[in-house]
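Participant: Single-letter residue listing:
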Amino acid sequence: MIRVGVDVGGTFTDIILERSDAGGEQSVVVTKVSSTPHDQSEGVVQGILNVCEMAGVEPGAIDAVFHGTTVATNLVIERGGARVGMITTRGFRDIMHMGRHKRPHNFSLQFDVPWQSKPLVKRRDRLVVTERILPPDGRIEVPLAEDEVKQAAELFAKRGMDAVIIGFLFSFLNDEHEQRAKEIVSSVLPDTYVCCSSEVVNSIREYERFSSTAMNAYIGPKTSAYLRKLEGRLRAAGVGGIIRIMQSNGGITTVEKSSELPIGLLMSGPAGGVIGGRWTGDNCGKSNIITIDIGGTSADIGVIQDGDLRIKNPRDTEVGLLPVLVPMIDIDAIGAGGGSIAYLDPGGAFRVGPRSAGAVPGPACYGKGGTEPTVTDAQVVLGRLDPEQFLGGDIKIDAALSETAIRDHIAGPLGLSLDDAALGILKIVNNNMALAINANSMAKGVDPRNFTLMGFGGAGPLHAVSLAEAIHAKDIISPVQPGITAATGLLVTDLQYEYTHPLLMVLDNASDADFKTVNDALDGLMEQAHQQLDADGIPREARRFQRIAECRYVGQGFELRAAMPDGTVDAGNARTIIDSFYDEHKKIYGHAFRDQACELITLRLVATVAVETLALPELAHGGRENPDEARLYSRRTVFDDGQAHDTPRYQREKLLAGDRVSGPAVVIQHNSTTIVPPGYVAQVMRFGDILIGRN
Amino acid sequence: MTQEVDPITLQVIGGALHSIADQMGTVLYRMSYSSIIRESQDLGAGLFDRDYNTLCESDSTPMHIGSLPGYLRGIEKSIPLDQWQPGDVVIHNHPYFGASHSPDIAIVMPVFFEGELVGFSANTAHHIDIGAATPGLIMDIPDVYAEGMLLNGIKLFEAGKRNDTMWKYIRDNTRVPSQVMNDLEAQIASAELGVARFQQLMEKYGKATVLRATHQLMDYTESMLRREIAKIPDGEYVAEGFLDDDGRNRGVTLPLKVTVRVAGDAVEVDLTGSSAQVPTAYNVPFEGSTKVACFFAFRALLLDTYTHSEYIPQNEGSFRPVKVTAPLGSIFNPIAPAAAEARFAQIQRIVDLIIKALAPVLPDKCTAGNAAVLSFAAYSGVRESGDYWVFLEVNEAAMGGRPQSDGPDTIEELMRNTRNNPLEDLGMHLPLICDRYEVRDDAPPGAGKFRGGAGVVKSQRFLSAGYMTHEADRHEDVPWGVFGGKPGAGGKVEIRNVHTGDVSLEPAKFSGKLTRAGDVISYFSPCGGGYGDPLERDPDKVLDDVLDGFITHEHARDDYGVVLEEVDDGYGWKLDLNGTRKLRAQMGAQ
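Line order of the protein sequences matches chains A and B.
Numbering follows full-length UniProt numbering, in which position 537 of the first sequence is assigned residue number 537; successive positions increment by one, without gaps.
Numbering follows full-length UniProt numbering, in which position 578 of the second sequence is assigned residue number 578; successive positions increment by one, without gaps.
Treat the hints with care, since some could be wrong.
As the list claims (entries may be wrong) - Chain A side only, calculated, beta carbon under 8 Å to chain B, not exhaustive:
no.: 1; residue: F111
no.: 2; residue: P114
no.: 3; residue: K158
no.: 4; residue: I204
no.: 5; residue: N432
no.: 6; residue: N438
no.: 7; residue: Q556
no.: 8; residue: K586
Hints were generated in silico from the structure; no laboratory data involved.
Note that the coordinates shown come from a computational prediction; the quantities given were computed from them, not determined experimentally.
Cβ coordinates follow ideal geometry from the N, Cα and C atoms, glycine included.
Turn these sequences into a full structure, and let the hints guide you.
Facilitator: Below you can see the structure in the form of structure tokens.
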């Protein structure tokens, strides 16, 4: 069995290949190639061919390729999507122009309103037709004017639209009009991408539903074209096997399903990192983990609690300030990374980021013309990054340039020593990251004191211990291959589909008829899931299902996820849903009510199929203390307390399971450096991950 | 001589304060029940020191930001500093004791550290009904006592023990007790979070360091604003306008006059010359509203967060350089017991007139005339069960054209920044159905090199009989154009009954109007004024506006000098560049 994971980042495309022979022999090969932003599939195919060569396998022998892509997200950010037409209810042409009518800045007169200045569907391409469905029961007040739909479709045909969406008010209660309109449009435009709002997200709140539908159509044609092209290129290069795509919800899916519902791919890129983090945690016996994936310009933060990925509240899921009502792993991105620039603002305040030196010119030490000091320059000045070891010596860096940049821009003007200025840069950027971690953990009821902080991405293990101190995390993990953790995540992900049904039902006094509605709806969701899994050829016994009740107190506007009892829901076991909701409310807000009625808003079914998971070879047992065999040399390194120590460097590939390295120490590998400050001890785990704790 | 907190720790504490305020705001709206709080986010939350300086505030609605110190000073009249105990929760909304207006109820908790009172955790939220003369909102009432419950520095919890009598009193004196009481619970949860996080911050860095840092952060914000004020030439800048009426005496307009005096790095806003106080609720509380509007105007103009890349902490420092003067007995500083609940349209106009006054010296930072209004609608009725339903809706408007860009259409402008209510959410719970929610198409936005924003039209249909109060203005005084831009359009309100076909035009303000089943109330917001000469507008943009239906091709020709020709491409129009050049030359010569 040969499986390949490919994670495409802004600068590099990371590839991991895993081979397991019938005899139980296993090997893993990793590599990276430059990303090809004009067409990500070029880099993907090149990377796969490279990794095959390194591993000595024929591309045709690959059984499966797993892919995390930023194609869909980039289409939105760069506004390079399709020309989309919309047919909507008369009187409501501008729902997407008004959004939630809140401006993106409070204290600004010159702000931009992206949904008006860069709309997914231009006003001229939003056409209205006569129809009216009324709440609360979805009855038809005014029938659909089918001739108007036909005229609209013909006009779109003349205009040559790439895609058409249908969005009618209250279609979440009754989708009859949307479905009929879709039939008519498809009959006029048989080759055009057409989707209805109730198909894309069947939930209440018209702006969010319409905008999500528009987003789906906007990215649809080009995303599916990309996936088809990727498939074509892979086949042309002789790569065999199935192709699976990472989704925002942390599950993988087929190319067909991704093409149908591309809106599920908007977090495809960063999802792999969190899943790779969970898997690394498993390997180290840790199930409560905060992950931080630190790149050049930004850092992605995720939380794994009791071994589960946390899913974002659908009210918070957006891309480029536009709502996207699909399940997404709760990942926060902040503008802080190795390339973040340190500077003094006009008022004299000491700032780091979000402006970044990027790959070009890059940090001052790259010598590519950057003169402003960056976080990486601070690491170099403090002796935490050894110039000759940077990316295994692949990139030449000049420490003197880092010193000059920090002295000129920070140390001089503030009257600080060079070390103090560099420490200040790290302290500020670490604090920004720590606040973002807090906002994604403490603010959501997670107590970091029971969590392990895992830093990855090339720069992750440089910051991990400092961040863990700032947030009071229990301990720290530096994964075995910090630079490739996200690609690894692709090989350890389950196949996953989600289905929802809107309800609006008060559970506390629900009747038998109400429970029948719930159970019928659950049966309907199960049927949809089984149909999909049948089509995928998944055996029944491999299918796993999770049922979720999204609830709120009657009168609230925000739902929380409650667990459901197994089997049929009835008056007897409905209490378990209410109790689960109470606990969740208490956890999230610090308060919950026993005297308030609990309303079930949406039923959600998550269907998963476990894939064969990645197995790494175990390291030989070393069990040594500060092993000389792995020691390179010692050098001056400044730690967060301002103290400089003559600090030994260890070569990571020479460390064995059970080895312990006491701080101060620096552990070096090809694409990453792990800092072990004084007072900490690093312990090598059985697969090579490093667990760092206080001495 | 206290020692300065080093610049690194300063950034760390500043970031922590910002994040605390943010989380306080989030807990409040996520947990709350009424749509005005949970959907519209008509709320504010923050931390304050013993001197009532704002240390941080949530980035929610500008109107609430900066109003809380007024509440705290008002509460001190009832509860001096030495009478606070840990676990106290104080409720307050008295407009003559610092409140922004009576429906904005504050919940305040003291923060004790090492046994000593160090500050306050507080929030405000707009409650949908406090038992006023008419459901939800009020306009034509005699005095402040008709505004409903006046809660003047009352301990809802004393040392952690709930005052059940007070709790019951509030429950019994609102038309919608379930929503109001649960919203108060959400406010308490938010304040508790602020207390805990403020204490943690002091545990970590020490009380002295945290308090010194807060002063340095205030000084920093103050210095950033003063730097910008200093760039404005010293002098006196004046702008004038007028309000439609006071909601009772129809046809009697109310003058507005704003004088901005710039001297060095300080500025004074003098409202002398504006109307005397009025006999209805259409007055503005001075501490909690008039001053806050002036603070906002300078922050938005001079420290615009879109054009400034640096985050400037939200704190007391931004208030210090701005002095506000309004004669006692005027509409902006009324004398008790004048009612002062309906104040938003007026304060919007203060901000807009400050912008207008300074436009000649701040051409790159100003806007053309904004809608500068608020349509605040209270729909209500009694259900068959005998229970009231009350729904408050904020209708957006539009902004004026700007130096580099068109005025945003259909947007929350200036002092407000709430979110609209999903129509589908309303439909599920209320005997009210929306029939239209679109960009206004009966009047074009003000023409200009950068056009004004287009207004909104929203039509709500009563499915059963009820009541309605509407607070708005600006049917008469149309948003102006600047630097050659054309004026926008005034607002209007129309009521049409779907069963009888009767149509009537209504004034912007009316109180407690009885409505019938089938009455459709349509609100048309003002459209913003244009910035710069319309003949300089990029013809492609004019074509875009015609294709998008924001303006007609006649308007393109008459006001922009852009000639279009019909074309059969599915869109209908393309540019006639030659014709445009000729027409523009001809119009320019006139």
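Participant: Each hint: holds or not?
Facilitator: The hints, checked one at a time:
no.	hint	result
1	F111	4 Å, holds
2	P114	11 Å, violated
3	K158	4 Å, holds
4	I204	5 Å, holds
5	N432	7 Å, holds
6	N438	6 Å, holds
7	Q556	6 Å, holds
8	K586	10 Å, violated
Checked against the numbered hints above, the structure breaks hints 2 and 8 and satisfies the rest.
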